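Taking the hints into account, I'd like the entire structure generated from these sequences.
Quick mapping for you: the protein sequence lines, in order, are chains A and B.
Using the working numbering, read the first sequence as starting at 1 and increasing by one per residue.
Using the working numbering, read the second sequence as starting at 1001 and increasing by one per residue.
Derived from the structure by calculation, the hints contain no laboratory data.
Owing to the predicted nature of the structure, the values given are computational and were not obtained by experimental measurement.
Cβ coordinates follow ideal geometry from the N, Cα and C atoms, glycine included.
Each hint should be verified, as a subset may be incorrect.
Said to hold, decoys possible - Computed spacing ranges between beta-carbons, pair by pair:
hint	chain 1	residue 1	chain 2	residue 2	range
1	B	GLY1026	A	LEU90	20 to 28 Å
2	A	GLY228	B	ARG1230	37 to 45 Å
3	B	LEU1261	A	ALA135	43 to 51 Å
4	A	ALA238	B	TYR1046	48 to 56 Å
5	B	ARG1013	A	ARG239	46 to 54 Å
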Amino acid sequence: MIKITDLHKAFGSNVVLNGVDLHIKKASSMVIIGGSGTGKSVLLKCILGLIQPDSGTIIVNGVDTKSGDREAFLDQFGMLFQGGALFDSLPVWQNVAFRLLQGKHRLSKADAHDIAIEKLRRVGLKPDIAELFPAELSGGMQKRVGLARAIAAEPQIIFFDEPTTGLDPIMSGVINELVREIVEEMGATAMTITHDMSSVRAIADDVAMIHEGQVQWTGPIGKMDDSGDPYLDQFINARAEGPIEAVR
Amino acid sequence: MMMIQAIDSILARIGRSTLGMFESIGRLVIFAAIAVSHIFRPPFYYNAFLQQLINIGFYSLPVVGLTALFTGGALALQIYSGGARFNAEAIVPSIVAIGITRELGPVLGGLMVAGRVSTSIAAEIGTMRVTEQIDALTTLSTNPMKYLVTPRVLAATVILPVLVFIGDTIGVMGGYLVGTHRLDFNDATYLKNTWDILEFDDVSSGLIKAAAFGFIIALIGCYSGYHSQRGAQGVGNATKTAVVTASVLIFAANYLLTELLF
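This is how it looks when you write it as structure tokens:
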């Protein structure tokens, strides 16, 4: 589904991705873990074309991301941003239905509104918040609206950038469950970036750990605890001592 | 040896600054070209354009109107004072009308709109940049240049001449009010002198300038916001850069256009 080969990206002298190779299978949920600044978000943005990689290839559904119709390419994706990235100037329902109101496959306002309400319900929000603006919502509600927006057009691939950051443990659990349920019922391919190990265990089919711009370890979630990889062990067990140097 | 190194270092710095300046100009020109090219390529965001016409035009009316009113009044007093030195007080209506329409209306109107609009555009788009809303637009298959920049640039270019025309009228009326109530000009004579002296070129040259200033104001606001750095400080810097750059460019463009339309 997504095949990344020898991906490199540097910002000036700061090498962020240093030959990333990764394969994400169709209808699977891949979670990318790794320390802060190891290039997880850059990897995700390279796939979406928000950042141009220096070299390497990214193949999505058999098509190189450098070629083809960009709009059609992006139509395959939905994304939940870390901070929600909801549009302040639009009410909640227009945020959710944004894609449905633009582009070639534009729906009428009434139809888009109905779908937005349905998606809000799907993420556990009542229809009466549809006319509110994002600034009037709590952090957890904003995440849910972001999730509703990500799934509104029923994309084949969904990216989740730190879906539980800034949420309390109960709300984190709710979001984790929602992500898992939605990915399963839509049959979508999911790629999640997170530091939260409870999210990893709740969401992942497969895990990849990025360290120093490369994939340090990748495999199914079931093998993560017995990987034998000292870097992965240190990370998932949150140990200060180990091969990964913590900046103090 | 030390002397040569010092000179070398100074020259290198000047070279880097010069290259940096040309790089910035190049980026701005490319940004402008992309923004303008989207005017002619669908899809068109009519609602965003109309919204910006209201934001930039309608909500700037009070500030432009009041600026023009007080400037017209002050100009009448100053010209009267200067004209009295060689018994030429009668020129007040003519100079107020020409001064306002050709120069002060577009320049002061442009500067006031730059202060109000350029900063607000830079802050809005800058905040969208740092909160990943611009990235979100892209992932939702929407071109941010087309959705955010082009409607603002087009709206400001179209609406500023309208604003300045209204400002010109109010400015001339400011001069009229001061002329007739404070300087004892005859109502009908003042209006007749104003009307007789004004030519089409006086008004049109000011409106051409206004369109150029509108383009500059929105373009610089969008550019500064679009390239805003991370965090609150980044947005603050974008806002500051927008108003300073737009104001300086308005003065520079004013001189160039005056030479061109002279």
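Problem set entry | Verdict for GLY228 of chain A, ARG1230 of chain B (Cβ pair) under range 37 to 45 Å | holds, 38 Å
For this session: Return holds or violated for the Cβ distance of ALA238 of chain A and TYR1046 of chain B against the range 48 to 56 Å.
Result: For TYR1046 of chain B against ALA238 of chain A, whose Cβ atoms are near 53 Å apart, the range 48 to 56 Å holds.
Exercise. Does the Cβ-Cβ separation between LEU1261 of chain B and ALA135 of chain A fall within 43 to 51 Å?
Worked result: holds, 46 Å
Exercise. So does GLY1026 of chain B sit 20 to 28 Å from LEU90 of chain A, Cβ to Cβ?
Worked result: violated, 34 Å
For this session: Take a look at whether the Cβ-Cβ distance between ARG1013 of chain B and ARG239 of chain A falls inside 46 to 54 Å.
Result: The hint (46 to 54 Å, Cβ to Cβ) holds, given that ARG1013 of chain B and ARG239 of chain A are roughly 48 Å apart.
When each numbered hint is compared with the structure, a violation occurs for hint 1 only.
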